[in-house]
Amino acid sequence: MQPTVSDFLVSRLREWGVERLYGYSGDGINGFMSALRRVEGNPRLIQPRHEEVAAFMACGHAKFSDQVGVCVATSGPGAVHLLNGLYDARKDHMPTMAIVGQQARKSLGTDYQQELDLMALFKDVASEYVQMVTEPAQARHVIDQAMRIALARRTVTCVILPNDVQDLPMEDPPMEHGAVFSGVGYRFPQQLPEPADLDAAAAILNQGEKVAILAGAGVKHAVEELIRVADLTGAGIAKAILAKTMVPDDLPGVTGAIGLLGTEASDRMMKECDTLLMVGTRFPYVEFLPEPGQARAVQIDVVPEALGVRYPTEINLHGDAGATLAALAERLEPKANDKWRKQVQGWIDDWWKKTEARAATEATPINPQLVFQSLSPRLPENVMLTCDVGTATNWYARNLKIRQGMLGSVSGGLASMGNGVPYLIAAKFCHPNRPAIAMVGDGAMQMLGNNALITLAKYWQEWEDPRCIVLVLNNHDLSQVTWEQRVMEGDPKFDASQDLPEFRYDQYAELLGFKGLVMRAPDDIARVWNEALTADRPVVINAYTDGDIAPLPPHIELEQAKNYLASILKGDSSGLHSAKLSAKQMGRSFFKRKK
1 MQPTVSDFLV SRLREWGVER LYGYSGDGIN GFMSALRRVE GNPRLIQPRH EEVAAFMACG
61 HAKFSDQVGV CVATSGPGAV HLLNGLYDAR KDHMPTMAIV GQQARKSLGT DYQQELDLMA
121 LFKDVASEYV QMVTEPAQAR HVIDQAMRIA LARRTVTCVI LPNDVQDLPM EDPPMEHGAV
181 FSGVGYRFPQ QLPEPADLDA AAAILNQGEK VAILAGAGVK HAVEELIRVA DLTGAGIAKA
241 ILAKTMVPDD LPGVTGAIGL LGTEASDRMM KECDTLLMVG TRFPYVEFLP EPGQARAVQI
301 DVVPEALGVR YPTEINLHGD AGATLAALAE RLEPKANDKW RKQVQGWIDD WWKKTEARAA
361 TEATPINPQL VFQSLSPRLP ENVMLTCDVG TATNWYARNL KIRQGMLGSV SGGLASMGNG
421 VPYLIAAKFC HPNRPAIAMV GDGAMQMLGN NALITLAKYW QEWEDPRCIV LVLNNHDLSQ
481 VTWEQRVMEG DPKFDASQDL PEFRYDQYAE LLGFKGLVMR APDDIARVWN EALTADRPVV
541 INAYTDGDIA PLPPHIELEQ AKNYLASILK GDSSGLHSAK LSAKQMGRSF FKRKK
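The sequence shown begins at 1 in the working numbering and counts up by one.
Incorrect hints may appear among the rest.
To be verified - Below, in silico cross-link-like pairs of lysine-lysine (BS3-like), each with a Cα-Cα straight-line distance of 27 Å or less:
#1 K271 with K353
#2 K271 with K401
#3 K210 with K339
#4 K123 with K401
#5 K335 with K271
#6 K220 with K271
#7 K353 with K210
#8 K339 with K353
#9 K342 with K271
#10 K584 with K570
#11 K91 with K123
#12 K342 with K353
#13 K123 with K210
#14 K353 with K106
#15 K210 with K401
#16 K401 with K342
#17 K210 with K335
By construction, these hints were calculated from the structure, which means they are not laboratory data.
For clarity, every value in this text was computed on a predicted model and none was experimentally measured.
Sequences are here, hints too, so could you generate the full structure?
Here it is, written out as structure tokens:
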């Protein structure tokens, strides 16, 4: 039998190193699915319950493997369902490719059933490359371009396959004018800035007496070089949320997360530094950076359009983070005075004491901070962490002390609910011998997480290490948005939009063949974590927590305080309770601060 276009595409993906695809079938993609069947799992199709989960898994695959994540969907509704997960990948600069079915070429333009203008639909999310294969000789260079651009530009690409093209006999391009021949392969170059710019950047850092570093996801493979520069300059290191697990928290000078979810140590360092080095980050919140003119600034990024857009930097170094930091280190003079580093470390030590104090605040029934505080010392050495969007992100960012060897991620740029469990499953496929924990709010769990658990049930028994834990913060409230309504709008909690129904996540887990555990009181927390971390199967923890525990920002603006008071006076349904808890948290965390 002569290979079809689909057979060729599947074999070409294998040449590119693709081991698995995440997707759901339908008649618009049947030819491609037939080709996957014929290769008997090389590459392998992983079947989630929904195309949005497939796209989130593809993004998670890229995050936990550093390879292109590939998702597959049928035409029409299947294609539409991919969009949210693909935007998650685009906003976090993850190499991801979508392969999408389409109606037959002869029917295009007739408003045929499930016919959509897929070129237009994907043109934004896959703006670097979206192409429809209209004849066999085109398939080779389209798939090669889509893979290479996704890798090289760390972005989303899309290949559209009309269903009649999928089953056509494959043809190589003819040896004639107008034909295009392409090949497989891409390796990232080691890119360095101009020596003069490195010299100028080093001069700024050498002159600085209070150096602060802001590390983003771009430091993933440059942590050793980053620490070297931090030690030479006596700098503290603050982390954007996507870099949470990249730089260990137990190293000297690591202040933790920055921003609304961040630590007071990071906030204070930024307020008092005189020099700022930004590495591999597009952190957007100017209110958490030094005042313009306060600090001289240097930025390193491999993407030129990321340079100089978040802070008025003096020197912009366009280059690979690891190579550029190494070259910079050669030009740096070790700081003779460690007063600044000691001052930063004092703020860090105070912060970790404060997290313990806040976690000890009594709540009804459980303070969510205590759940995370109790998990932190129990984290396995090589654990993989995924965190959904909501108040869980605050506690993940602040209360977990990351050690070397751990991996983790969140939906950073898009901040989309629903990513936590799909990321978890993708991480386990990438590293089946490592334990994994997802931290998810009840809103995200009811939105997509419960659905994704069915996929987990289908595959978990093939993994070498069965430890796979989903922590659900069950507070019957879309609590992150509730707090935003209070603090940003000055409105009381809008119960009709915020209240969530009760759902027994633990009992649902048992139906799926998992272990279901419940935290109802503080005394349950340690026992449940110990039981979950030694289980022989996936575990879902139904943790009944208090949604009125405020995710206190590193600094409270006057306007925020006024809005919060206004929300209570307008009749917030749990305003008095939340006010009492906020007062207790702040009261518990007051102690003499190190200078």
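| K342 paired with K271 [C-alpha distance capped at 27 Å] | holds, 16 Å
| message | Tell me if the straight-line CA distance from K210 to K339 falls inside 27 Å. | response | OK: K210 and K339 at ~9 Å, within 27 Å.
| Holds or violated: are the alpha carbons of K271 and K401 at most 27 Å from each other? | holds, 23 Å
| said: Would the hint linking K584 and K570 be met if the CA-CA limit is 27 Å? | reply: holds, 22 Å
| Within a Cα-Cα threshold of 27 Å, do K220 and K271 meet the stated pairing? | With a Cα-Cα distance of about 26 Å, the restraint between K220 and K271 holds, given a limit of 27 Å.
| message | Next pair to validate is K339 with K353; report whether the Cα-Cα distance is within 27 Å. | response | Distance of about 21 Å is within 27 Å: holds.
| query | Is K91 close enough to K123, meaning Cα to Cα at most 27 Å? | reply | Measuring from Cα to Cα gives roughly 15 Å; hence the hint holds.
| said: What's the verdict on K342 and K353, does the C-alpha distance respect the 27 Å limit or exceed it? | reply: Given that 27 Å is the threshold and the Cα spacing comes to 17 Å, the pair holds.
| Pair hint K210 and K401, alpha-carbon separation not exceeding 27 Å | Answer holds: K210 to K401 is near 25 Å, not above 27 Å.
| message | Given the hinted pair K401 and K342, is their Cα-Cα distance within 27 Å? | response | holds, 20 Å
| message | Next pair to validate is K353 with K106; report whether the Cα-Cα distance is within 27 Å. | response | With a Cα-Cα distance of about 68 Å, the restraint between K353 and K106 is violated, given a limit of 27 Å.
| said: Please verify whether K335 and K271 have alpha carbons no more than 27 Å apart. | reply: holds, 21 Å
Comparing the model with each numbered hint stated earlier shows that hints 4, 13 and 14 do not hold.
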